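Here the protein sequences come in this chain order: F and V.
The number in the numbering used here is simply the position in the first sequence, starting from 1, with 19 added.
The number in the numbering used here is simply the position in the second sequence, starting from 1, with 2 added.
Fair warning: there could be bad hints in the mix.
What the hints assert, rightly or not - Distance condition first, Cα-Cα at most 25 Å in a straight line; then the derived BS3-like pairs of lysine-lysine: (1) F:Lys155 to V:Lys108; (2) F:Lys238 to F:Lys160; (3) F:Lys36 to F:Lys108; (4) V:Lys72 to V:Lys4; (5) F:Lys423 to V:Lys23; (6) V:Lys72 to V:Lys108.
I should point out that these hints are in silico values taken from the structure, not numbers from a laboratory.
On a predicted model such as this, the values are computed, not experimentally measured, just so you know.
Below, each chain spelled out in residue letters.
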Amino acid sequence: MSNQDLSEVTVTVNGTKIEAQPGEMLIAAADRAGIHIPRFCYHERMSSVGMCRMCLVDVDTGRGPMLQPSCMVPVAEGMVVDTESDDTKRAQEGILEFLLVNHPLDCPVCDKGGECPLQDQTIAYGPGESRFVEEKRHFEKPIPISDLVHLDRERCILCDRCTRFADEIAGDPLIQFTERGNSTQVLTFPDEPFSSYFSGNTVQICPVGALTAAPYRFKARPWDLEETESTCTTCSLGCRISVQSSRNELVRYLGVDVESVNHGWLCDKGRFNFESINSDDRLTTPLVRDPDNQRQLLGTDWGSALAAAAEAIGQVGPQGVGIIGGSRLTNEDAYAWSKMARSVIGTDNIDAQLDDGLPAEIVFGLPPATIADACEADTVLIVGPDLKEELAILHLRLRGAATKGRTKVVQIGPTVTGSESYAQHSIRCQAGEAAKTLTELLGSGDPLAQQLRDGSVVTILGRASMAESADPAISVAAVIRAELPHATFLPALRRGNVRGALDMGLAAGFLPGRVRIDNPSKALLQKWGEIPTEQGLGTTEMLQAAVAGKIDTLVLLGADPLCDFPDRKLAAEAIQKAKTVIAIDNFVTASAAQADIVFPATAYGEQSGTTTNIEGRVSRVTQKITPPGSTRDDWMIATELAWRLGGDLGLTSKEEIWREIEQVAPSHSGITFERVTSDEAHEGILVQQSSIDLTLPVPQDTPIADGYGLRLISGRKLWDGATATAHSPSLQHLAEPPTLKVHPNDLQRLGIPSGSEVRVISTRATENLTAVADSNVQRGTAVLPFNQPGGGANRFIDATAMINDIRIETL
Amino acid sequence: MKFFTEENSSLAEEIIGRYPKPRSAMIPLLHLAQEQEGWVTDEAMAEIAELVGTTSAEVLGTCSFYEMFKRHPVGKYVINICTTMSCALMGAGDLMEHAELRLGVKSGSTTADGMFTLEGAECQAACTEAPCLQVNYRHQYRVTTNQFDALIEELSSSDHEVPEHGVLSQIRQHIPENRFVGVVPPEDVTAAPVWLNDNGSDQ
Ligand code: SF4
Ligand code: SF4
Ligand code: FES
Ligand code: FES
Numbered sequence: 020m021s022n023q024d025l026s027e028v029t030v031t032v033n034g035t036k037i038e039a040q041p042g043e044m045l046i047a048a049a050d051r052a053g054i055h056i057p058r059f060c061y062h063e064r065m066s067s068v069g070m071c072r073m074c075l076v077d078v079d080t081g082r083g084p085m086l087q088p089s090c091m092v093p094v095a096e097g098m099v100v101d102t103e104s105d106d107t108k109r110a111q112e113g114i115l116e117f118l119l120v121n122h123p124l125d126c127p128v129c130d131k132g133g134e135c136p137l138q139d140q141t142i143a144y145g146p147g148e149s150r151f152v153e154e155k156r157h158f159e160k161p162i163p164i165s166d167l168v169h170l171d172r173e174r175c176i177l178c179d180r181c182t183r184f185a186d187e188i189a190g191d192p193l194i195q196f197t198e199r200g201n202s203t204q205v206l207t208f209p210d211e212p213f214s215s216y217f218s219g220n221t222v223q224i225c226p227v228g229a230l231t232a233a234p235y236r237f238k239a240r241p242w243d244l245e246e247t248e249s250t251c252t253t254c255s256l257g258c259r260i261s262v263q264s265s266r267n268e269l270v271r272y273l274g275v276d277v278e279s280v281n282h283g284w285l286c287d288k289g290r291f292n293f294e295s296i297n298s299d300d301r302l303t304t305p306l307v308r309d310p311d312n313q314r315q316l317l318g319t320d321w322g323s324a325l326a327a328a329a330e331a332i333g334q335v336g337p338q339g340v341g342i343i344g345g346s347r348l349t350n351e352d353a354y355a356w357s358k359m360a361r362s363v364i365g366t367d368n369i370d371a372q373l374d375d376g377l378p379a380e381i382v383f384g385l386p387p388a389t390i391a392d393a394c395e396a397d398t399v400l401i402v403g404p405d406l407k408e409e410l411a412i413l414h415l416r417l418r419g420a421a422t423k424g425r426t427k428v429v430q431i432g433p434t435v436t437g438s439e440s441y442a443q444h445s446i447r448c449q450a451g452e453a454a455k456t457l458t459e460l461l462g463s464g465d466p467l468a469q470q471l472r473d474g475s476v477v478t479i480l481g482r483a484s485m486a487e488s489a490d491p492a493i494s495v496a497a498v499i500r501a502e503l504p505h506a507t508f509l510p511a512l513r514r515g516n517v518r519g520a521l522d523m524g525l526a527a528g529f530l531p532g533r534v535r536i537d538n539p540s541k542a543l544l545q546k547w548g549e550i551p552t553e554q555g556l557g558t559t560e561m562l563q564a565a566v567a568g569k570i571d572t573l574v575l576l577g578a579d580p581l582c583d584f585p586d587r588k589l590a591a592e593a594i595q596k597a598k599t600v601i602a603i604d605n606f607v608t609a610s611a612a613q614a615d616i617v618f619p620a621t622a623y624g625e626q627s628g629t630t631t632n633i634e635g636r637v638s639r640v641t642q643k644i645t646p647p648g649s650t651r652d653d654w655m656i657a658t659e660l661a662w663r664l665g666g667d668l669g670l671t672s673k674e675e676i677w678r679e680i681e682q683v684a685p686s687h688s689g690i691t692f693e694r695v696t697s698d699e700a701h702e703g704i705l706v707q708q709s710s711i712d713l714t715l716p717v718p719q720d721t722p723i724a725d726g727y728g729l730r731l732i733s734g735r736k737l738w739d740g741a742t743a744t745a746h747s748p749s750l751q752h753l754a755e756p757p758t759l760k761v762h763p764n765d766l767q768r769l770g771i772p773s774g775s776e777v778r779v780i781s782t783r784a785t786e787n788l789t790a791v792a793d794s795n796v797q798r799g800t801a802v803l804p805f806n807q808p809g810g811g812a813n814r815f816i817d818a819t820a821m822i823n824d825i826r827i828e829t830l
Numbered sequence: 003m004k005f006f007t008e009e010n011s012s013l014a015e016e017i018i019g020r021y022p023k024p025r026s027a028m029i030p031l032l033h034l035a036q037e038q039e040g041w042v043t044d045e046a047m048a049e050i051a052e053l054v055g056t057t058s059a060e061v062l063g064t065c066s067f068y069e070m071f072k073r074h075p076v077g078k079y080v081i082n083i084c085t086t087m088s089c090a091l092m093g094a095g096d097l098m099e100h101a102e103l104r105l106g107v108k109s110g111s112t113t114a115d116g117m118f119t120l121e122g123a124e125c126q127a128a129c130t131e132a133p134c135l136q137v138n139y140r141h142q143y144r145v146t147t148n149q150f151d152a153l154i155e156e157l158s159s160s161d162h163e164v165p166e167h168g169v170l171s172q173i174r175q176h177i178p179e180n181r182f183v184g185v186v187p188p189e190d191v192t193a194a195p196v197w198l199n200d201n202g203s204d205q
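From just these sequences and the hints, can you work out the full model?
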């Protein structure tokens, strides 16, 4: 709850005076005062419905005490409340007796047993025995309502939490109360499952064991669970989670309610992909290429793998080494690699992004906004990816702000997105031409232009498509800076700790603390010694240099360019051409399979440290289980390699690394280890300052498409071929195979029936795909998801082009 | 495949047009669907969801709340025998037993020829005329077993006025266009609609 002025209404609860906000529900005021009123249906992040009547209390507003549901009664001055009166107790006993009339009480085989509000409140407030001797109602149990969620209607107490969440919060009203009276039950429509990206939240908020999640069912009992608070690093939003394990295996994540980020919600991808950490496919020992059979990787010991890697790095000059990736790493690991690259190897060829985000200077140089800023702004302008697919909880927060608050969401982009349903305006532009559309809009007399000029504006800026370079997004930034100087920005970067990696200097030309390489702090030079002064290469340039024979050793820091870099052909050639490819990863990814030396790294839940979300918010990730095999933290691999290269990073623990970061990174100064590990870090510590001067280029024109081609638009889907999803048994089948979506008229013009196989031709590749007509796709464009299993759009994309076109032909 | 016939599709559009928010047309459209088919099929609910811009699950939630929307095939004539207090005292139990024997089906089921569905119902607000029943929601008062048999005879012949189950045409209203609220959502309405002033007494 926010700490606004609380001193407006005084209510007496159980003889104690408490302060409450006008309009606030009695139950919420009591909660803040530490007085617990039992409840089932009330949830502080959803609207009150008064379904269960468990929260009845004696309320006296001057006319004598009366039982009223405290979740539906707003506080009023002078209200006298008794939550422990005889009447209240009798009401509570009655309600519980009623609720248990149809409840099966199969606690011994119920996943919720031990952490069940119905169990707990029955013991605390229940009558002890029931007068009901008739037959309870019976249903088939449990029934799957989606691939991930099972429903046991016998246990359901009809609190409306799941259905309310689906409608009000997620915007996917796919589960409903059906029938009436004694037959009321939660159901989906026949053959239309509850396939919401947020379905797992209903399992977490169900106050009984009626909803259970497939990945956790019968895995553990609550009293066997150990838990630690941590931060999700599946995407760059940094939702707070509780990581729970049993017998040294991760079994469940739950959302933790923090005001600044996730409000307790998680997307299903973040919630359930813990399965991948437990996967048998995890990399547990170092691998090297078999000298006798070049197509095979062989297990080896750390000593020889490290020696081989040190040799490969040492024998080429600093300019011959390129380091790609790092967004999987914690801040501390990223710092160690940043230091390793600059002070030991002596190279600035380093980039945490796979040319799929925004240049570091754009991220650092634009006036920053937080998620909360966005949710309080007059207008949120989205020019970037489909947030529902790529930053799911940001989508949820914006949806909440737009549907419950006064924030207006405006999006400009080439495709239909998940934000359409709550956007005030969804302005369709040609691919890569959002800047042009925005300029036209601002130059017009449209009331929207006025709205943008007069009110507060937060821009969510990113790449609308992986088939375009960062230039179109930069052009948008330039227009906004020039025309709407009051607007602030939230970068829509997607990979885990990408923001932290950039902050730690995993970007060519930047040192830890968001400073340019030609402007190192004294403290940094003291710790790092000599460092390169010239800006090095970014990912695309490194891959090009590898193809050109200028980079011989490529280090893949948890990066899989073959799947995640927009241009597969370039990535494949670079990996092929480089003399040595060193991969550090959790799995043998497509790229790691081509590497010469592979190091197994510890994964999420196996290491502690900090992570930074897109706002620049630093929060803790915490170790819960012991890492498998001989995996090591990324920073340890850096120190070991440094030592073998004759250097010394001088880092011996994560704590020590953070202390050094605090000293050398100007933006992080004052954010001490003590603060990062204190209660303050529960909400995360916002690091916003940055001293970059940013000159934005003049917006460039997008090349005109020829009349035969279709402009390729490629975004990511929540369920795609991502490594963690692919290695989670419950999730892997959720990713749909790739289809090319084209406007029906364009297909007709080519004489191609919808659903048929076509030949797709780009400057990079010619391959077959299924083409489907979709009238939501703009004419002249083709939409292909970026990374679906069975073939990604990266085959067709040229990363050096501002925009990519394809042609399709009948077979 | 579309569920609504062409004629009903345009009627559906007209019905939706009467409301400021398409979702408000959900129940009238469910009636329309039931009129077309005699009951509400899954296809109908899915199509209504599309027409009013919501999910099929929401339409199911609404539809299943109401006893009078049937989600399974019913006979041409649905006979509801009141089984509540007054009727029970006046012999509804015997009447039901007789009806079951006469039609050869248990309460809650439909005769094999698809003519009759027999149901027990709650009070039909005609307690002074107990025992009573309804045929497609048309009252029959103080029904004796003989009268019941005669009723079945009559319904089996073509000489009666009871329309088939679901038919609403006799009570359907046609609202003249100038009385439409239009597509303005209620919260945006600032002045009284014009037609309010058409009537002298409103001025
Ligand atoms: S939901 Fe709770 S009370 Fe019900 S069976 Fe499960 S543990 Fe027992
Ligand atoms: S399934 Fe759970 S959350 Fe949903 S209504 Fe039933 S008890 Fe409430
Ligand atoms: S918590 Fe108040 S009625 Fe359910
Ligand atoms: S009891 Fe039968 S009509 Fe009222």
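Checklist entry - Hints broken by the structure, by number, lowest first? => result none
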